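Asks: Note that the sequence shown ends on residue 179 in full-length UniProt numbering; no numbers are left out.
Derived by calculation from the structure, the hints in this document are not laboratory data. These numbers come from a predicted model, not from an experiment. Warning: the hint list may mix true and false statements.
Straight-line Cα separation of at most 27 Å, DSS-like style, residue types lysine-lysine; simulated pairs [unchecked claim]: (1) Lys148 / Lys25; (2) Lys97 / Lys148; (3) Lys177 / Lys31; (4) Lys108 / Lys93; (5) Lys31 / Lys108; (6) Lys64 / Lys108; (7) Lys121 / Lys177; (8) Lys25 / Lys108; (9) Lys31 / Lys59; (10) Lys59 / Lys108; (11) Lys25 / Lys93; (12) Lys121 / Lys108; (13) Lys59 / Lys121; (14) Lys154 / Lys25; (15) Lys108 / Lys97; (16) Lys93 / Lys121; (17) Lys31 / Lys97.
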Amino acid sequence: MAITDVSDTEIAESIIVPSQSPPPKLSEGEKELLTTTWAQVENDADRIGAVTFINLFEKHPGVKDKFIPFKSIDVNNEHYNRILRNHGLRVLKTVGKMIHRVNEEENKMINIVRDTGTRHKAYHAEAMLIQTMCPHFIKAIEGTLGEKWTVDVKTAYEHLFAILSFHMTDSLLIAQKTK
């Protein structure tokens, strides 16, 4: 399956809304899979980030204008590609910080994501976009891992991004309610 084949159904099924039950906890096996596969993902982070946003914008064209850095830039512009890579890289650095803390106290990992969600208030981010992006990142990571991508690895990344989505969305919504 190509990276662009993330369906709207897959996106809808992957969304965890903070008012619903909390995301799953990572098992010890999932933590191990995340830490062992992350080095390969990290080496390809700028490509994964760019592919994620390109596919997100192709699948959901209206979403591009919701991202301030991408709003007024022509998609064929070289500067646009640099901005895409940089933003995707920043997102993956946050994911990397989470993975590097999976064996520490859970709150350390969650606080990173909650702080990021709170900061996104300043960008007028929409909570739905956080949830919409996660499956695209997972699909791009799958393309990088190739033969190392298994059902268990997929589940580990789905759980990690469910945690990210839940806590980042929750903290963004709380921040948006406060002045």
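Asks: With reference to the structure, classify each hint as holding or not holding.
Replies: Results of checking the hints against the structure:
1. Lys148 / Lys25: Holds, because 22 Å separates the two Cα atoms, which is no more than 27 Å.
2. Lys97 / Lys148: At roughly 21 Å apart (the allowed maximum being 27 Å), lysine 148 and lysine 97 satisfy the hint.
3. Lys177 / Lys31: 33 Å, violated
4. Lys108 / Lys93: 15 Å, holds
5. Lys31 / Lys108: Satisfied, since the Cα-Cα distance of roughly 15 Å is no more than 27 Å.
6. Lys64 / Lys108: Violated: lysine 64 and lysine 108 sit about 31 Å apart, past 27 Å.
7. Lys121 / Lys177: It holds: about 10 Å lies between the C-alpha atoms, which stays within 27 Å.
8. Lys25 / Lys108: Holds, because 14 Å separates the two Cα atoms, which is no more than 27 Å.
9. Lys31 / Lys59: Roughly 31 Å between the alpha carbons, so the hint for lysine 31 and lysine 59 is violated.
10. Lys59 / Lys108: Measuring from Cα to Cα gives roughly 34 Å; hence the hint is violated.
11. Lys25 / Lys93: Status holds; Cα separation ~21 Å.
12. Lys121 / Lys108: Given that 27 Å is the threshold and the Cα spacing comes to 21 Å, the pair holds.
13. Lys59 / Lys121: Between lysine 59 and lysine 121 the Cα gap is close to 25 Å, so the pair holds against 27 Å.
14. Lys154 / Lys25: Measuring from Cα to Cα gives roughly 15 Å; hence the hint holds.
15. Lys108 / Lys97: 10 Å, holds
16. Lys93 / Lys121: Measuring from Cα to Cα gives roughly 19 Å; hence the hint holds.
17. Lys31 / Lys97: 13 Å, holds
Checked against the numbered hints above, the structure violates hints 3, 6, 9 and 10; every other hint is satisfied.
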